[in-house]
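S.K.: Sequences listed follow chains P and F, in order. Residues in the first sequence are numbered from 1375 upward in steps of one, following our numbering. Residues in the second sequence are numbered from 42 upward in steps of one, following our numbering.
FYI, nobody ran anything at the bench for these hints, they're computed from the structure.
The list that follows gives simulated cross-link-like pairs (lysine to any residue, SDA-like), each with its CA atoms no further than 20 Å apart:
#1 K1416(P) / H51(F)
#2 K1416(P) / Q67(F)
#3 K1485(P) / M1452(P)
#4 K1416(P) / S48(F)
#5 K1432(P) / G141(F)
#6 K1482(P) / L80(F)
#7 K1485(P) / S146(F)
#8 K1416(P) / T46(F)
#9 K1482(P) / S146(F)
#10 K1482(P) / Q82(F)
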Amino acid sequence: QQQVKQSPQSLIVQKGGISIINCAYENTAFDYFPWYQQFPGKGPALLIAIRPDVSEKKEGRFTISFNKSAKQFSLHIMDSQPGDSATYFCAASVQLWEGGSEKLVFGKGTKLTVNP
Amino acid sequence: ETGVTQSPTHLIKTRGQQVTLRCSSQSGHNTVSWYQQALGQGPQFIFQYYREEENGRGNFPPRFSGLQFPNYSSELNVNALELDDSALYLCASSLIWRGGYTFGSGTRLTVV
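Full structure from sequences and hints, please.
M.R.: Laid out in structure tokens, this is it:
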């Protein structure tokens, strides 16, 4: 129940296209849903995040869509660029203890390749 | 404002040995979390430290231990290394957990 399932495992998109990555969860205690971008040899970097009381959040070319009833959320990358080629992780935050700080549960990642 | 710094960047150890990985938190951050990222997988939560005490732990055995120092830097210690401990170990710091961690670039540990 502490899992976050992410798909697809890999994605190839042409420059200018739309990249879509999907995630699903079971645990209703998750209360914060960030997306991370990771380049080879680097740590994950926060890209965009959403709380479950919001259905959509957009920052530049990146949009999160959130469906609370379906327990699903997705990342859309508009006008994908070769520089977007990286591994993307969805994650969900859950409290370590009631009223306390939280940990992240990550999906397995999606390797995005944007061809020129 | 400095980011999260981890050392060393790469490390090769022999099975059965012990290893210590180090992390300097981002300036102003007082909470440190450690994650293990196996090749091709998402990061897995190991534990978190706040005010020099373990604040929560994931599904890792006791041979994984840590410390947080008064300056909020941290260490991850792994005893009796196993081949499956080979992974990228990530340190992440935060001030108050509601805005996202800042991750370091990690330490790549190879156990042979």
